[in-house]
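Number of protein chains: 2
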Amino acid sequence: MSTTQLDGVTVQTQANVYFDGKCISHSLTLPDGSKKSIGVILPATLTFNTGAAEVMECVGGACEYLLAGSSTWLPSQAGERFAVPAQSSFQIRVSGQPYHYICHFA
Amino acid sequence: MSTTQLDGVTVQTQANVYFDGKCISHSLTLPDGSKKSIGVILPATLTFNTGAAEVMECVGGACEYLLAGSSTWLPSQAGERFAVPAQSSFQIRVSGQPYHYICHFA
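Chains A and B, in that order, are what the protein sequence lines are.
Okay, so the first sequence: first residue is 75 according to my numbering, each after it adds one.
Okay, so the second sequence: first residue is 75 according to my numbering, each after it adds one.
Just chain A, same shape as in the assembly (with noise of 0.2 Å):
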């Protein structure tokens, strides 16, 4: 089951956009303090880099991701998560519906 909603966040009004725009996310900050962002991958892949540790909780769509260092594309839909270490990257790949998720930054 994927979070629906988030509850008592503090949520920055204007958008990232990244890749023209085929990357949409907005930063939030959580009542306990932790950041996470919500955001939407459009058709596309696409190359991120990490600086803190991110786990990406798929909430609706599905994408297929290679972490560096992997040689094997693995398929996410809404509930799953995947775990991308710090100082790192991963590859998204959405085809069809777009992939909407949850960073969770460690």
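One should not assume that every hint holds.
To be verified - Restraint-style ranges between C-beta atoms, simulated for each label pair:
{"id": "1", "chain 1": "A", "residue 1": "A180", "chain 2": "B", "residue 2": "Q79", "range": "44 to 52 Å"}
{"id": "2", "chain 1": "B", "residue 1": "P105", "chain 2": "A", "residue 2": "T78", "range": "30 to 38 Å"}
{"id": "3", "chain 1": "B", "residue 1": "Q161", "chain 2": "A", "residue 2": "S145", "range": "30 to 38 Å"}
To be verified - Derived pair list, reagent style BS3-like, types lysine-lysine, alpha-carbon separation capped at 25 Å:
{"id": "4", "chain 1": "A", "residue 1": "K96", "chain 2": "A", "residue 2": "K109"}
{"id": "5", "chain 1": "A", "residue 1": "K109", "chain 2": "B", "residue 2": "K109"}
{"id": "6", "chain 1": "B", "residue 1": "K96", "chain 2": "B", "residue 2": "K109"}
{"id": "7", "chain 1": "A", "residue 1": "K96", "chain 2": "B", "residue 2": "K96"}
Calculated from the structure, these hints are not laboratory results.
Don't be surprised by glycine CBs; every beta carbon is placed ideally from N, CA and C.
For chain A, the structure is supplied; the task is to place chain B on it using the hints.
Using the frame of chain A, we list chain B on its own:
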């Protein structure tokens, strides 16, 4: 001065994707129960229909808008707002940088 953040909100994690991703928004509920959405419009000319009356507040970038029954495109930039009646429509034209907005429902 535009609204840079909203506090204590409940946010729906799945985005609303309109016009093949040219407009992407997230729905919010504020502590007083009022509903808003925050979103981005990428370069395009789009037509929106209203149910309830809306106030569109620009929080980044700029657009031009044309209200139903008007023949004059008007500019709106960060810190500015325009009102749209209920059961009406309007066009938004964005060129260059994305238009970031808060949609306040009446």
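For the pair supplied as a hint, A/K96 and B/K96, confirm whether the alpha-carbon distance does not exceed 25 Å. holds, 10 Å
If you check the beta carbons of A/A180 and B/Q79, does the distance land in 44 to 52 Å? violated, 23 Å
Taking 25 Å as the top limit, are the C-alpha atoms of B/K96 and B/K109 close enough? Since the Cα atoms of B/K96 and B/K109 sit roughly 22 Å apart, the hinted pair holds (cutoff 25 Å).
Range hint 30 to 38 Å: satisfied by the CB atoms of B/P105 and A/T78? For B/P105 and A/T78 the Cβ distance comes to about 19 Å; the hint is violated.
How does the Cβ-Cβ distance of B/Q161 and A/S145 compare with 30 to 38 Å: does it lie in that range? violated, 55 Å
Assess, step by step, whether the Cα of A/K96 is no farther than 25 Å from the Cα of A/K109, and give holds or violated. holds, 22 Å
Has the given pair, A/K109 with B/K109, been kept, meaning a C-alpha gap of at most 25 Å? Within the cut-off at roughly 23 Å; holds.
Violated hints, in rising order: 1, 2 and 3; the structure is consistent with all others.
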